[in-house]
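2 protein chains.
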Amino acid sequence: MPPRRCTAYAGSDYDDDDDDDNLTARISRCLSCDENYDPDEAGTCKECYEEANETEEELKRQIQDLKSKVSFLTLASPLDSPSTTDLVLLPSADAFSPSIPAHKAVLVSRSPVFRAMLEHDMDESRSGTIKIAEVSYDALRAFVNYLYTAEAFLDNQMACNLLVLAEKYQVKHLKAYCEKYLISKLNWEKAVVNFAFAHQHNANQLQDAALAVIMENMDNLTKNEDYIELVDSNPRLVVEIYEAYLGKQVNTAAAHCCVNI
Amino acid sequence: MPPRRCTAYAGSDYDDDDDDDNLTARISRCLSCDENYDPDEAGTCKECYEEANETEEELKRQIQDLKSKVSFLTLASPLDSPSTTDLVLLPSADAFSPSIPAHKAVLVSRSPVFRAMLEHDMDESRSGTIKIAEVSYDALRAFVNYLYTAEAFLDNQMACNLLVLAEKYQVKHLKAYCEKYLISKLNWEKAVVNFAFAHQHNANQLQDAALAVIMENMDNLTKNEDYIELVDSNPRLVVEIYEAYLGKQVNTAAAHCCVNI
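Residue numbers (UniProt numbering), protein chains in the order written: chain A, 1 to 261; chain B, 1 to 261.
One or more of the hints may lead you astray.
Said to hold, decoys possible - In the DSS-like style, the derived pairs of lysine-lysine whose C-alpha atoms are separated by at most 30 Å in a straight line are:
no., chain 1, residue 1, chain 2, residue 2
1, A, K67, B, K185
2, B, K223, A, K131
3, A, K60, B, K185
4, A, K185, B, K60
5, B, K131, A, K60
6, B, K172, A, K60
7, B, K46, A, K46
8, B, K180, A, K67
9, B, K172, A, K185
10, A, K67, B, K60
11, A, K190, A, K223
12, B, K60, A, K172
13, B, K168, A, K185
14, A, K67, B, K223
15, A, K180, A, K190
16, B, K60, A, K180
17, A, K172, A, K60
18, A, K172, A, K185
19, B, K223, A, K180
20, A, K172, B, K223
21, A, K248, B, K223
22, B, K131, B, K67
23, B, K185, A, K131
24, A, K168, B, K223
25, A, K46, B, K168
26, B, K223, A, K60
27, A, K223, A, K248
What the hints assert, rightly or not - A short, non-exhaustive set of chain A residues, derived as facing chain B with CB atoms under 8 Å:
no., residue
28, I27
29, C33
30, E41
31, A52
32, T55
33, S68
34, H103
35, K104
36, E167
37, Y245
38, G247
In short, the hints are calculated from the structure, not lab data.
Just so it is clear, CB atoms sit at the ideal spot from N, CA and C, and this is done for glycine as well.
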């Protein structure tokens with residue numbers, strides 16, 4: 001931050017070299033950056049600054065406590081210590097891949113779909129084997145790991161794979177985690193694909209974010225290859241884009257109209 | 001907060017009713033409490049205030065994320081859904097009390113003592129029953145519940161009971177939780193008992209806090225009934241109190257000496 005000098009007092013009675021105590025007393029010094037500031041650069045009084053400092057300390061303490069709680073509640077991945085596991089998950093897309101061990105108690109606790117499956121007398125409950133359709137070994141392994149640790153290493157593909165599993169097994173925390181990642185990586189190149197993907201898997205936040213990016217690039221929309229494909233594969237969804245665009249235009253026109261009146 | 005008025009400018013060129021724009025521009029207004037303030041009551045400049053606000057928002061977002069992670073990682077108590085449990089705990093102090101169901105995976109994950117017990121071919125591992133000595137049903141139930149949820153309803157007695165179990169089974173998070181509670185309730189009446197209790201169960205933070213309270217009440221120490229009992233039961237520990245007191249006196253004398261020189 002560049003040093004600031006107090007200039008508001010540079011009137012008839014103010015000289016830059018003046019050491020007059022009275023004058024010095026009029027200069028406000030920031031307790032945070034230790035620079036002098038003008039009244040029109042004023043932030044807070046001392047009392048509010050001290051209160052804000054206490055609040056910040058308290059928030060940091062809360063974060064520390066919560067981090068320690070997260071660390072306590074995190075379970076070891078069943079792949080690292082499979083000795084007490086009581087079922088296995090099989091990735092059906094990977095015929096020769098090994099199964100992944102897990103604990104019924106954890107699956108039941110994290111997913112209402114697994115709960116329904118395992119707490120009732122269903123095939124999966126009796127056999128202790130759950131087949132997971134259309135998923136690779138790596139994605140399933142990351143999925144199971146997340147159920148134990150609430151952590152995953154994501155790239156675009158893994159975030160999509162895990163979002164699909166999270167939606168299917170209703171693991172809301174993981175779904176939000178993947179959506180957040182995909183939103184952070186959104187750009188015009190990915191916007192249409194992400195919009196369609198989000199719509200397919202009920203990822204509303206990602207869908208809204210992708211739509212917003214599309215709205216900013218309507219001039220290029222019809223030249224976009226993903227758009228051309230989407231017109232073929234899901235024209236109803238393309239209509240949603242145009243309806244949103246029209247709605248935005250109508251609102252903008254109404255706002256202009258109000259300003260002009 | 002009482003309203004403040006800027007008074008630093010109340011010199012020859014300042015009149016309380018003066019509406020002069022120049023003068024108004026010299027008055028600093030706190031962006032937090034919206035009151036005017038003097039330079040000697042200055043807290044921060046605007047830039048630092050805005051930075052601090054952003055920091056606070058970011059910390060609050062982190063807290064929200066961590067709370068959601070804690071909620072995701074929290075497991076249902078095995079007492080509420082015992083269907084997938086694979087062992088039971090027996091409170092040996094309560095001969096007729098029911099056993100408490102639990103999951104090996106959770107016990108192993110939370111306690112190195114349970115891990116050693118259950119991952120090796122020991123009696124407990126084979127039988128699926130762990131006897132817990134000198135503990136009531138209620139305390140054991142609260143202990144198991146904490147292993148799943150990182151939450152417990154404490155009063156003084158329960159905090160002591162859980163601290164003993166936490167120390168015995170090396171559940172550090174619970175031990176710190178109980179120590180924090182007991183420290184928050186410390187007073188002179190409880191100080192000697194807590195000091196001895198903390199010493200017995202290696203609760204160093206509680207022991208230090210209790211010793212500090214004792215140091216502030218040395219005049220009343222020899223009349224304290226818990227002290228009289230402690231002299232009988234553990235005179236070595238009483239010596240620790242006096243050694244700490246002596247150390248404090250020597251330090252205080254040294255500090256006085258330095259000031260006088």
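We went through each hint and held it up to the structure:
Under the criterion of a C-alpha separation no larger than 30 Å, the hint pairing K67/A with K185/B is consistent with the structure, at around 24 Å. Taken as a hint, the K223/B and K131/A pair is broken in the structure, with Cα atoms around 72 Å apart against an allowance of 30 Å. For the hint pairing K60/A with K185/B, the CA-to-CA distance comes to about 23 Å; that is within 30 Å, so the pair holds. As the CA atoms of K185/A and K60/B are separated by approximately 23 Å, the hinted pair is consistent with the 30 Å bound.
For the proposed pair K131/B and K60/A, the alpha carbon gap of about 40 Å is over 30 Å, so the pair is violated. Taken as a hint, the K172/B and K60/A pair is honoured in the structure, with Cα atoms around 21 Å apart against an allowance of 30 Å. Among the hinted pairs, K46/B with K46/A is consistent with the structure: their alpha-carbon atoms are about 13 Å apart, no more than 30 Å. Between K180/B and K67/A the CA atoms are separated by roughly 16 Å; this keeps the pair inside 30 Å, and the hint holds.
With a C-alpha separation of about 39 Å, the suggested pair K172/B and K185/A falls outside the 30 Å cut-off, and the hint is violated. At roughly 14 Å between alpha-carbon atoms, K67/A and K60/B fall within 30 Å of each other, so this suggested pair holds. With a C-alpha separation of about 14 Å, the suggested pairing of K190/A with K223/A holds against the 30 Å cut-off. Between K60/B and K172/A the alpha-carbon distance is near 21 Å, which keeps this suggested pair within the 30 Å criterion.
Of the pairs offered as hints, the one joining K168/B and K185/A is violated, with about 48 Å between alpha carbons and a cut-off of 30 Å exceeded. The hinted pair formed by K67/A and K223/B fails the criterion: a straight-line CA distance of about 44 Å is larger than 30 Å. In summary, the hint linking K180/A to K190/A is supported, as the alpha carbons are separated by about 15 Å, within the 30 Å threshold. Between K60/B and K180/A the alpha-carbon distance is near 17 Å, which keeps this suggested pair within the 30 Å criterion.
At most 30 Å may separate the alpha-carbon atoms for a hinted pair to count; K172/A and K60/A meet this at roughly 27 Å. For the hint linking K172/A to K185/A, the alpha-carbon distance of about 20 Å falls within 30 Å, and the restraint holds. Taking the CA atoms of K223/B and K180/A, the gap is about 63 Å. The hint is violated against a cut of 30 Å. Distance check on the hinted pair: K172/A and K223/B sit about 60 Å apart at the alpha-carbon level, beyond 30 Å; violated.
With a CA separation close to 81 Å, the supplied pair K248/A and K223/B exceeds the 30 Å bound. Taking the CA atoms of K131/B and K67/B, the gap is about 34 Å. The hint is violated against a cut of 30 Å. Only pairs whose Cα atoms come within 30 Å are accepted, and K185/B paired with K131/A is rejected, the gap being roughly 53 Å. Of the pairs offered as hints, the one joining K168/A and K223/B is violated, with about 69 Å between alpha carbons and a cut-off of 30 Å exceeded.
For the hint pairing K46/A with K168/B, the CA-to-CA distance comes to about 49 Å; that exceeds 30 Å, so the pair is violated. With a C-alpha separation of about 42 Å, the suggested pairing of K223/B with K60/A is violated against the 30 Å cut-off. A threshold of 30 Å between alpha carbons decides the hint, and for K223/A with K248/A the separation of about 21 Å falls inside it, so the pair holds. Taken as an interface hint, I27/A checks out: its beta carbon lies about 6 Å from the nearest beta carbon of chain B, inside 8 Å.
Residue-level restraint check for C33/A holds (minimum Cβ-Cβ distance to chain B is 5 Å; threshold 8 Å). Look at E41/A: its Cβ gets to within about 5 Å of chain B, closer than 8 Å, so that hint holds up. At its closest, the beta carbon of A52/A sits 6 Å from a beta carbon of chain B; the interface hint therefore holds under the 8 Å criterion. Interface restraint check: T55/A against chain B, minimum CB-CB distance 7 Å, threshold 8 Å, status holds.
Taking 8 Å as the C-beta contact cut-off toward chain B, the hint placing S68/A at the interface holds, the least distance being around 6 Å. Contact between H103/A and chain B, as hinted, is supported at the beta carbon level, the nearest pair being about 5 Å apart and thus within 8 Å. For K104/A, the shortest C-beta to C-beta distance to chain B is roughly 4 Å, which falls under 8 Å, so the interface hint holds. A distance limit of 8 Å between C-beta atoms decides the matter here; for E167/A the minimum to chain B is near 16 Å, and the interface restraint is violated.
Interface restraint check: Y245/A against chain B, minimum CB-CB distance 31 Å, threshold 8 Å, status violated. A hinted interface residue such as G247/A counts as satisfied when its beta carbon comes closer than 8 Å to some beta carbon of chain B; here the least separation is about 30 Å, so the hint is violated.
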